[in-house]
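*Asks:* Chain residues, written in single-letter form:
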Amino acid sequence: MVGVDATVIGGKTELVDLMIRYQQGDREGIEELVRRLSPSLLQFFFGWSVMREEAEDLLQECWMRVHAARHTYRPSEPVLPWIFGIARYTRLDGYRRTRRRQRREVLTPNPPESYASEGVSEDPRSERIDEILKSLPESQREVIVMLKVSGMSLEEVACATSSTVGSIKQKAHRAYDKLRILLEGEQNT
Amino acid sequence: MRPSAASKNGCHRVDRELDALLGVSKRELSSEARRHIHQCQRCAALYEWAIGELTSSPVSGDVQSQIQATLVANLKTVTPAGSMWTRALRFALVVIVLGVAALGFLGPNGARVMISWQWIGAGIALLIGTVLLSVSLAWQVIPGSLHRFPAHLAIGTAASAFAGASLLLFPWDAAASSVAQGRACLGTGLMLAAPAALAFLLLARRGAVLNRVMVGTTVGAMSGLFGVSVLQFHCPILEASHIVIWHGGVLLISIAAGVAIGYSITYFQRLPGAA
Chain A
1 MVGVDATVIG GKTELVDLMI RYQQGDREGI EELVRRLSPS LLQFFFGWSV MREEAEDLLQ
61 ECWMRVHAAR HTYRPSEPVL PWIFGIARYT RLDGYRRTRR RQRREVLTPN PPESYASEGV
121 SEDPRSERID EILKSLPESQ REVIVMLKVS GMSLEEVACA TSSTVGSIKQ KAHRAYDKLR
181 ILLEGEQNT
Chain B
1001 MRPSAASKNG CHRVDRELDA LLGVSKRELS SEARRHIHQC QRCAALYEWA IGELTSSPVS
1061 GDVQSQIQAT LVANLKTVTP AGSMWTRALR FALVVIVLGV AALGFLGPNG ARVMISWQWI
1121 GAGIALLIGT VLLSVSLAWQ VIPGSLHRFP AHLAIGTAAS AFAGASLLLF PWDAAASSVA
1181 QGRACLGTGL MLAAPAALAF LLLARRGAVL NRVMVGTTVG AMSGLFGVSV LQFHCPILEA
1241 SHIVIWHGGV LLISIAAGVA IGYSITYFQR LPGAA
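Listed in order, the protein sequences are those of chains A and B. Using my numbering, the first residue of the first sequence is number 1, and each one after it goes up by one. Using my numbering, the first residue of the second sequence is number 1001, and each one after it goes up by one.
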């Protein structure tokens, strides 16, 4: 696993520059943007989708949607809320499509390899964080993943989720409360 | 072992300070909180989780190259779209242009028999609805826009403003109009709403339609409100029950149609294999 911080995702101003170059049809601009943002987008999809293949399909679909909507990005705005706003609906559509398909399918004796089973995480602490994240309700998980994977601010997450800053803050607080309860439980045992 | 009162206070301090750091890039705690973290396992774990970045997932080289190749193959220069206000103005302009054209064709019979305060009151109520819905629709088709108010609130306010103004401004006399007259108004309103919906949809598609159900609902509400607005100034029956039931019916049916169309498109696009 790769730790994502501002240096990996790239400074927010740099992302704006890359996005402008993308709109101007610059090949290197889009290649760099894909390289920088794909890991955190994949992590965002992986928060819900179990199969690696599925998460990668969503990533590809997301970039296609980004491409189709690239004219709606305005250089005066931050890039991350715009991209994650698109990623959010890609995930929702993908999730419901998967659920529909699962209802029609029968279980196979040899299921495809899941993302978690590929040994991408060797750090027990990050596995624990993943576990905690998966125990959160969907809306809280979405907020925490956006805040922590991409380093977005509360206002940016509110933009990406078409919500208000107050509501995002409330969801993040609830997630932290749940985490506190889990940690206190572990400490007591 | 139960934690001491001092330890509990320390935990509360760390909780408070971590809460204050939510979504803030600066992640520094006070010296007291830092001291407590060294003594408390629970707070140390919480702090580590709160300040640490979640790990991201490496993308396989093949997938990344495939995405880059597909995007590069379809790369063209695009002009950034206008601001939210430009988009909202376009939606409002459609209402004005189509409204003037429709009233020119049908005749402003209602406006002729209205008294000035009815004219002003109904006009303000319809204008509020149009502005709210135009702004909401503009936000919805620009990803990453901060929605100052939710779309359902805009729809609810538009409908309430229309119903409230009708009940306040016009007398209630159910015997003043017949069902046949009401049905004629409903039919006219729906015929006006349909082309307006098409125009709004074409404009909305110039942005990025992400939540199809909500965009469908808002387009339905806007086109319904357009039908209602034209009827308000065209229909000479100035009676509250006729306006609320038959004119308001245009708004309700348009919203229902918008929801149904939005759901249908979403349903078919989410069918397995439709990606």
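Watch out, some of these pointers could steer you wrong.
In the DSS-like style, the derived pairs of lysine-lysine whose C-alpha atoms are separated by at most 27 Å in a straight line are [stated by the list, open to error]:
{"id": "1", "chain 1": "B", "residue 1": "1076", "chain 2": "A", "residue 2": "178"}
{"id": "2", "chain 1": "A", "residue 1": "178", "chain 2": "A", "residue 2": "134"}
{"id": "3", "chain 1": "A", "residue 1": "12", "chain 2": "B", "residue 2": "1008"}
{"id": "4", "chain 1": "A", "residue 1": "169", "chain 2": "B", "residue 2": "1008"}
{"id": "5", "chain 1": "A", "residue 1": "134", "chain 2": "A", "residue 2": "169"}
{"id": "6", "chain 1": "A", "residue 1": "178", "chain 2": "A", "residue 2": "12"}
Computed Cβ-Cβ distance ranges for the label pairs, DEER-style [claimed, not checked]:
{"id": "7", "chain 1": "B", "residue 1": "1093", "chain 2": "A", "residue 2": "17", "range": "44 to 54 Å"}
{"id": "8", "chain 1": "B", "residue 1": "1267", "chain 2": "A", "residue 2": "166", "range": "28 to 38 Å"}
{"id": "9", "chain 1": "B", "residue 1": "1195", "chain 2": "A", "residue 2": "165", "range": "20 to 30 Å"}
{"id": "10", "chain 1": "B", "residue 1": "1181", "chain 2": "A", "residue 2": "25", "range": "29 to 39 Å"}
{"id": "11", "chain 1": "A", "residue 1": "166", "chain 2": "B", "residue 2": "1256", "range": "30 to 40 Å"}
{"id": "12", "chain 1": "B", "residue 1": "1106", "chain 2": "A", "residue 2": "21", "range": "22 to 32 Å"}
{"id": "13", "chain 1": "A", "residue 1": "177", "chain 2": "B", "residue 2": "1039", "range": "57 to 67 Å"}
{"id": "14", "chain 1": "A", "residue 1": "167", "chain 2": "B", "residue 2": "1066", "range": "46 to 56 Å"}
{"id": "15", "chain 1": "B", "residue 1": "1066", "chain 2": "A", "residue 2": "17", "range": "41 to 51 Å"}
Quick look at which bits of chain A chain B covers, simulated, 3 or more residues with Cβ under 8 Å [as the list claims (entries may be wrong)]:
{"id": "16", "stretch": "35–43"}
{"id": "17", "stretch": "71–79"}
{"id": "18", "stretch": "173–179"}
Note that these hints are calculated values from the structure, not bench results. All C-beta atoms in this analysis are idealised placements derived from N, C-alpha and C, irrespective of residue type, glycine included.
*Asks:* Hints numbered earlier in the text: which of these fail when held up against the supplied structure?
*Replies:* 1, 3, 6, 7, 9, 10, 12, 13, 14 and 15
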